[in-house]
Structure formats: C-alpha cells, structure tokens
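Peer 1: Assemble the whole structure, with the sequences as input and the hints as a guide.
These are the residues of each chain, in order.
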Amino acid sequence: MAHVFRLPDIGEGLDEAEIVEWFVAIGDVVVRDQALVEVLTDKASSELPSPVAGTVLSLGAAEGVRLRVGEVLIEIDDGSDTADAGVHPPPSATESAGDPVSGSTPRLADTQGSMTTARPKAAPATRRLALQSGVDLNTVTGTGPAGRITAADVRNAEMPVPASGSKPSTHPVSSSNDAGSQPLSNTLGQMPSGRHPLRGIRGVVARNMVQAWTEIPHIHTMDELDASLLVDFRTRIHSMDRPGAAQVTPLVIAAVAAARALRRFPMVNGHVEGHPGDAIVIPEGVNLGIATATSRGLVVPVVHNASTLDLFTMAERIASLAAAARAGDLTTADLAGATFTITNYGSLGGRFATPIIPPGQGAILGLGAIVERPVAVRGEVLARPTLPVVLGADHRLIDGDLAETFRRAVVDDLTEPLHLLLGA
Amino acid sequence: MVVGEVASPVDLLVIGAGPGGYAAALHAARLGRDVTLVERGAIGGTCLNVGCIPSKTLIEVADAYALTGRVGSWGIDATSTVDMGRVQAHLAGVVSDLTSGVSRLLADAGVTVLAGHGRFTRPGRVSVEHGDTVEFLDPRDVIVATGSRPIELPDVPLDGDRVVGSAELLSTDTLPDRLVLVGGGYVGIELGCAFAKLGSEVTIVESEDRVLAGFDARTTRLVERGLRGLGVGLCLGHLAVGTDDHGLIVEKTGGGDSGARVTLPADRIGVVVGRRPDANSVAMTRSGAKLEPSGHVSVDVARRAADGVYAIGDLTLGPALAHKATAEAEVAVDAACGRPAAFDPTTIPMVVFGDPEVMAVGLTREEAISAGMEPSSFRFPLGASGRARTLGDTEGSVTVVADAEGTVIGVHAVGGHVAELAGEAALAVETAATVEDLAGTIHAHPTLGESLMEAALGLTGRPVHTR
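Protein chains in written order, with our numbering: chain A, 1041 to 1464; chain B, 13 to 479.
For the record, the hints were derived by calculation from the structure and aren't laboratory data.
A few chain B positions that, by computed beta-carbon distances, are all more than 10 Å from chain A:
hint: 1; residue: T93
hint: 2; residue: D109
hint: 3; residue: G136
hint: 4; residue: D290
hint: 5; residue: G395
hint: 6; residue: A396
hint: 7; residue: E432
hint: 8; residue: H477
Computed spacing ranges between beta-carbons, pair by pair:
hint: 9; chain 1: B; residue 1: G172; chain 2: A; residue 2: R1195; range: 53 to 61 Å
hint: 10; chain 1: A; residue 1: A1165; chain 2: B; residue 2: E72; range: 29 to 37 Å
hint: 11; chain 1: B; residue 1: I381; chain 2: A; residue 2: G1110; range: 15 to 23 Å
hint: 12; chain 1: A; residue 1: P1232; chain 2: B; residue 2: R152; range: 39 to 47 Å
hint: 13; chain 1: A; residue 1: A1192; chain 2: B; residue 2: D150; range: 42 to 50 Å
hint: 14; chain 1: A; residue 1: R1195; chain 2: B; residue 2: G300; range: 37 to 45 Å
hint: 15; chain 1: A; residue 1: R1247; chain 2: B; residue 2: T402; range: 52 to 60 Å
hint: 16; chain 1: B; residue 1: D46; chain 2: A; residue 2: H1043; range: 44 to 52 Å
hint: 17; chain 1: B; residue 1: E72; chain 2: A; residue 2: G1110; range: 50 to 58 Å
hint: 18; chain 1: B; residue 1: G300; chain 2: A; residue 2: A1192; range: 35 to 43 Å
hint: 19; chain 1: B; residue 1: G452; chain 2: A; residue 2: L1388; range: 48 to 56 Å
hint: 20; chain 1: B; residue 1: G172; chain 2: A; residue 2: G1110; range: 52 to 60 Å
hint: 21; chain 1: A; residue 1: A1165; chain 2: B; residue 2: L187; range: 47 to 55 Å
Remember, predicted model here, so these are calculated numbers, not experimental data.
Virtual Cβ for every residue (Gly too), placed ideally from N, Cα, C.
Peer 2: So this is what it looks like as structure tokens:
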C-alpha cells in the first residue's frame, strides 16, 4: 500500500523547509533508511531517510519548492497490498465471475486524471527535450508564465555546473586576522550565463536580506582602535600551552568582549518583533552568531550562552563551528537562536563595511582587517596596528547614545584586553 | 518446448494490429527495424473493425436520420426510412477504406504481416499458429498490443443471436424493436442514442444510480436528460441477473424493495459493461512479464514488461482507448530502439458520442480540490454561442478549470459536437497553457471553439457573451 510521508518537524520551531535535492525519482525502489531527499531549513541542510522499503510513487514537491511541516513529502508503495497502491485504479469488480455488478461499467474517469499537483508544468516537446537530455523536470524551476518550464529552462538545467573545487580545506591559513580567514573555493563569483532559479542557501540569503533591509531601520557607528595591546595579547596567549590557546584570534577576543558588553546592555542583545513593530524581545542568554563564508554561501553558526564562556572555550567553540560550516556539517541547532551577530569581513582584507542585521536580532558587530596605520600618540605620529570596528543597530530599539556606548565598551575591551579579566 | 522446434530469428515483433500495434510497427519500421506484425483477426483491431469506427459511423447515420425529424422548423419537410442492410454496407465501406489504408501503409513500410495467433512459449520465443501450422519466432524485441476483450456476464451469457456484445450490435442488419443495453458507460450511451434515433425502443440498465458514473453529476444529468428526450428508458440501480423468454431479468439493488425482480421485454440484449485486458491469449506471463491484480500487464514508464518485451494499449493500466494505445506505441518502440522514452501524458482526453456529446480533459474543479489545489473555473453556456445557435443545438456548456496560478488544468464540455473541442483542450492542458493564453488566442467566428476562449475570458474576469 502507499505510505504517505509528510515533512517532519526537523528543527527548533522551524515550520517549513526547502527541497534542495531529491535522491530518488518516481518508480525508484528504495530501502529502509536510504536517504530520500535533502531539505534546507533556515540554513541547515538535512537528509531525510526513508522509513520503509518500497517503490516511490510520487514526490510531494519539486526541488526549490518550500514545504510546510506536515505537507506531503513523498509517497512510497511498500508492496504490502499492490491492489491499493493509490496510483492504480482498483481492479474492475466485474473481473471476478459471479460478482453481482452486472450492468455497471468501469469508470473511465478513474484513469483519466493522471495529473498530480506535483506534476511539472511543461509542454510535451519540453518533456521530450528533458527526457533526451537526462534532465529530471522535477528538479527544474519553470520561468515561463505561471511557472511553466520552458525549453530554455531545461537547457539551463542541463548545463554542467562549473567545476567546483573539492571541499575547502579546514586547515587554518595564517593571515592578518584569524580563523575566519579562509580562502574560498575557486567557484567564487562563477555561474554560467543564463537565468538561474534563486534557491538553496542563496534563496534563503535573499529572503533574509530583503526582510532585514526593508524591515529594520539601520544605523551604523564606526571607530578604529589601536590594536597594539590586542595583537600583543593574542601573541602571548598563542605561546601558552593549553587547549584553545592556539585558536584565540582577534575575532574570538572580540566575541568575548561583545558577550561581556551584551550582558551589560541587554537591549542590544534584544530585538523588535513584528513589522513595523509589535514588541521588544529581550532574551535570557547571549547567543553569538559568527558569520562564516563557505563555498556554498554565507552561513551563521551560533555560539550559545556565549557570556558564560571563557576565552579558551570560546576559541574552541568558534573554531569547531567554522570547520563544520565549511564541511557542510552544521545541524539545525547550530544555526538557530542567535541574539547578536559578529561578522569578520576583515579576514578578507576589508576595513569598513555597513553590515546588515539578521532578522530577529537587534544589532551586529563588524570587524575590519588589522593593518598598520599612522596613529597619533601623545603628539607623535606612530605606525600602529589598528582595528576598524562597526556596530550596526536597529534604530527602533537602539538610540544613538546606546549604540555609541555599546560600541565604546567593545572598543575599550579590545584596546585593553586586560578588561576581559574583569568579567561582565 | 517442443522437441526439435525450429525458430526463426526476427528483429522486432509486434503482436496485435490494432491502433497500438500497427502504429508501433510503422514507427519501428521508420526507425530502421525489421518488423514482423502478427494478427489473428483483422488489421485495425477492435477500434477500426468493431469499435470506434463502425460505432461513430452508425451514430452519424442515426444523427442524419434523426435530423429529418427536427428540421421542419428550419423550413425543410422531409421523410426518411432506414434500410439497415444498406447502412451495414456503408459501415463496411468506411471500415474497409480505413483498414486497407493501414494495410497499405504497413506494406509500404516493409512490415511483414503474419496472419496467426501469436503467443509466448517462453521468454524470447513466440509461436504463431495459423490453422494447422505453427511457426516459432525468436524476436529481439516484442511489442505486445493484443488489446482487450468485452467483459461477459455469467448470468447473461452471450448467445450470438439475442444476447450479444457491442460488435454484433454494430453489425446488425435488422433493427431491434426492443433493445435492452446492460451497462450505462460510454458504449451503452452511444449505442443507446444511435439505436433510439434509428427507431428502436431502448432501455439502458445500470447498477449505479446514474449513467457515466465516472463523470461529474452535472454531466450525467445532462446526458440522462438527453437520453430521456430520445425516449430511452433508464433502469438505474438495477442488476442484470438473467434472461427469460421475454427479455432481461433485472433486480433492484437498493431502497425498500431491494431485490425486487422484473423482466424488461427485449428482442435484443446488448451486454456492454466494459472491457478487460487480453493478456491470456498471448500467454503474457510466459514472456517473463508480470500481471497486475486487475489483469493488466505491469510495465515501467517506457512500457517495458520484461527484458525485450513491451506492452501497450488496453493491456496496460489506464483507460482502454485507442489514442492511449497509439501514444504508447511510439514510447515502447523508442525504448526498444534504445531511445529515451517515457509515457507521461498530463491527460488522456475522453469523449462520449452521446446526445449531447461529452468531452473531458484533465481535472474537474472537484478533482482539483480533492487533490489539494485551489482551482477556479468558469462555465460558458452554449446557449450564448453563436455557432451552437446556428447548429440548433444550444444545450450544454464548456467549462475551463485553472489552478491558482492560472494554468489550465482541465476542460470539460457537454453539448452538441463538443467532442471536436478535445484537441484544443488537450493541447492547452498538455502545454500548461494559461487562461490568458486561451483567452488571448483569436478563435474563428462562428465556431464552437470560441466557447473555450469565452470560458477562459470568464476566468480572467472579462467575459464577452456571458456574465
């Protein structure tokens, strides 16, 4: 009989997921626990295993489509009762001799409705092209009227993906800053000419950015601090022989400083709920999102309860999350619950930027690259390592004085890291 | 296996020369295959010889005869009589024109046609019996298109004289006075309308409480009204349980007097309760193929039933319709020739040549709703169609169904001549045309096709000839 599987609740409170890739097609025979589909919730992708063995009867949605929890994901016939497989019309009762149905005609309409809701919208010529090109139309997003799949869509789907590098190495690369500095694969900026459906991580990023950009009134406050003591602090810690010491970077130190400042100023750790605004939400704990570039796009793993962590634990936590992000091994929980985000564009050499606050948060801290700059020290111009710092804040929640005060608190700690010994 | 049997190797063997089989043979020959076609009956199969073609010819004859009765108001005074002998000669002429055309096409394509009964003896081997001779063939590929057989009722056995099937009814040269048809499906409706128009007193027996049970209730209502208008008696909710000297014994299936029996007087009883796949006559299971519980041959999307064996047409699940078989023929041959192939229609159109005619393509609004869609639909009444007025046939309507995005997912029509709209309707659904596509296509005036455009315009909120 046909088993109908619905999208399970696979993450903390997430109520929908995008179908990234089907590993099976209609008619495929699957075994129990075989991976059926990759789905993407927020920014974590998961593979869902088959709960039964059987034959795939139908797929609930095409790749790129978002399903809500509880919607039909897939139908699998486990062969336990093929007469009621859901796709075949029931055997005509008139088949068996003596069956008292004389005078009843088989219903033709039972078999005429071969359409299903999940059926790709494509003309016969397009379907033929797809068949000949080996393109599964369920994986193609139509760009024609009302989502119709055109021949061009099929040809685009057929185009080889640019040779993507193997998984980026997680081997730390020395650079001016820290663990956030990771050369991206050589696919950066590469995409074949043509029109591409916006989906996967890119689709999630797009939706989140539009929401953030249109719903949150941003202000940015910037400063550039003398990083001499910070660099010295980091160097001396590196020489320590204890776990986590080698992973301490300016980003890690900034994360500790930010967590400390967020404990002092809970409003910066909060956010405005609703659009234009229904409520201010101040979370209990500090969960730091660490923006991380990967070959598949930007992801933001979260260090939970960051204000309870010492410098070394924070260093280990951030290093392991960054490695998991690049390997694509993040879980949904790793990505959920951030209350404040730190973005380290300095790892790519940038100095100043105006980072965008993720929806559901009230502020973001941006770190630029540490470079030697002329600094006036007691009337003298000296070459000193400097670190540009930017705070982006939701102006609905955070006034200018709070933004400046918070930014100064972080800057003070980074300028004199001994402050970190003082605790929150 | 017979000891010493000598088999001839053949390249591609087609068993059955109906609309599936002959189309498969022609397509395979076009692709360069050396094709052998085995047929135990007549080239053209059920459709051309005893099904669609003679029935539609008879319906046309009946319509022409009936027309003389209703053109008085058009200014024509006509009387007419029917000579069934000459009607049969006409039917035979139409059938023969078509079947000889097919034979010529097969000959021109270089297809070897063997008269005989083909059946599998084991995987990879087919015997062909013709009279007392048996020939064995070892084909590289076999396409099986043996079609279907009428379902017979054990309680109402066919006797070839008084109790007959649709083929015998179509070839009758004596008009029955009182014809009882068992089965209110499309065959029963079509034959009932035709014989009623020709002058028979017709009663249709159906165990369901309505005819054309697979169609929506509104369609059924209009068809039943049409039948009653022709004087056809409807004996709904009754089972045919036997015959006696006077006619057919039927038994009520529900209500307070369930089980009550009555005899419907008849000098001819037609059993038209549907068809079942004919996999047995070809010993299908000996090919390595498997059967569905319904008796259909299990096939994959390319119509592959076993290694080197393909089944098409009425043998496979789906409606037993000639156009489905023809479409599957190309798929199976492509697969047998190593080309990518899949039978994957969005819809298989359905037409009923009753009075009124019925045309169904794709989903009805109700089917779409139960499939979880949010459809919209618009019904254009043929009374508002100029062409329907000129034809003197304004009963019925054309309904277009669209999904939430405006893609046409169904077209359903009841009325005179609406079967001819099936092509455009199927094209719209197959190509995922939008309502705007249909509405924005200029349709010739005055034609019934305008009704499709009008219904689509209605869906876009700008109907012209209706509200």
